[in-house]
Amino acid sequence: MPPEEIQLIEDFLTFLENARTTLPATDSLWEYLQSFLTQFKTVDDRPLQLALFIETWCQEFQVTIDPKTMRQIRANMLENGQVIPKPAEGEKASKVYNKASITESVNNAIPEK
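Position in the sequence shown (from 1) plus 12 gives the number in this note's numbering.
Everything labelled a hint here was simulated from the structure, so no lab data went into it. Quick reminder that beta carbons are idealized off the backbone N, C-alpha and C, glycines included. Some hints could be false.
[Unchecked claim] Here are the in silico distance ranges between beta carbons for each label pair:
| id | residue 1 | residue 2 | range |
| --- | --- | --- | --- |
| 1 | D56 | N119 | 32 to 38 Å |
| 2 | P36 | M89 | 16 to 22 Å |
| 3 | N92 | Q61 | 22 to 28 Å |
| 4 | R58 | L35 | 25 to 31 Å |
| 5 | Q71 | P15 | 18 to 24 Å |
| 6 | T38 | L60 | 32 to 38 Å |
| 7 | N120 | Q51 | 30 to 36 Å |
| 8 | S40 | D78 | 27 to 33 Å |
| 9 | N92 | T54 | 20 to 26 Å |
| 10 | Y44 | S113 | 15 to 21 Å |
| 11 | R58 | E91 | 29 to 35 Å |
| 12 | E67 | S40 | 31 to 37 Å |
[Said to hold, decoys possible] Here are the simulated DSS-like pairs of lysine-lysine, each with C-alpha atoms no more than 30 Å apart in a straight line:
| id | residue 1 | residue 2 |
| --- | --- | --- |
| 13 | K53 | K111 |
| 14 | K80 | K111 |
| 15 | K80 | K53 |
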């Protein structure tokens with residue numbers, strides 16, 4: 013099991029991917045994510061700081077991410093042949109779960125208008 017902060021980041025990224033494919037373009041989450049991106053620019057690029065920001069942001073915007081559900085979604089994604097970015101054996105999690113990759117995931121999740 014990864015450290016708690018890595019697990020939180022992974023759950024958030026899974027949540028985004030699931031939302032991208034299941035929520036309508038009119039859902040208020042997409043507007044909230046714009047504020048996420050704005051505020052995220054000031055966060056230190058360290059997994060613990062990124063996770064703390066994600067946790068605080070989710071609480072502020074009442075976004076609930078259930079870790080158990082996210083694990084099941086990841087399992088389904090793998091069964092469907094999708095690749096989930098993870099650190100390679102011995103690689104630091106910050107190589108995969110960093111500010112740039114999270115920002116890219118948020119940008120990719122937001123529907124185009």
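| field | Satisfaction of the hinted span 30 to 36 Å by the C-beta atoms belonging to N120 and Q51 | value | 18 Å, violated
| message | Please check whether T38 and L60 have a Cβ separation lying inside 32 to 38 Å. | response | Taking Cβ atoms as reference, T38 and L60 lie about 34 Å apart, which means the hint holds.
| said: Just to be sure I understand the hint, the distance between the Cβ atoms of R58 and E91 should be within 29 to 35 Å; is that true here? | reply: Roughly 33 Å apart at Cβ, these two residues keep to the hinted range, so it holds.
| Has the hinted range 32 to 38 Å been met by the Cβ atoms of D56 and N119? | This hint is violated: roughly 20 Å between Cβ atoms.
| task | Given the hint that K80 pairs with K53, test it: the Cα-Cα distance must not exceed 30 Å. | result | With Cα atoms ~29 Å apart, K80 and K53 stay inside 30 Å; holds.
| Verdict for N92, T54 (Cβ pair) under range 20 to 26 Å | Because 36 Å falls outside the window, the suggested range is violated.
| field | Range hint 15 to 21 Å (beta carbons of Y44 and S113) holds or violated | value | 20 Å, holds
| task | Using the Cβ atoms, figure out if R58 sits within 25 to 31 Å of L35. | result | 30 Å, holds
| task | Take a look at whether the Cβ-Cβ distance between P36 and M89 falls inside 16 to 22 Å. | result | 21 Å, holds
| task | Using the beta carbons of Q71 and P15, state whether their distance is inside 18 to 24 Å or not. | result | Between Q71 and P15, where Cβ atoms are some 20 Å apart, the hint holds.
| field | D78 and S40 - C-beta distance against the hinted 27 to 33 Å | value | 19 Å, violated
| CB-CB spacing for S40 and E67 relative to the 31 to 37 Å hint | At 20 Å between Cβs, range violated.
In terms of the numbered hints stated before, the structure departs from hints 1, 3, 7, 8, 9 and 12, listed from lowest to highest.
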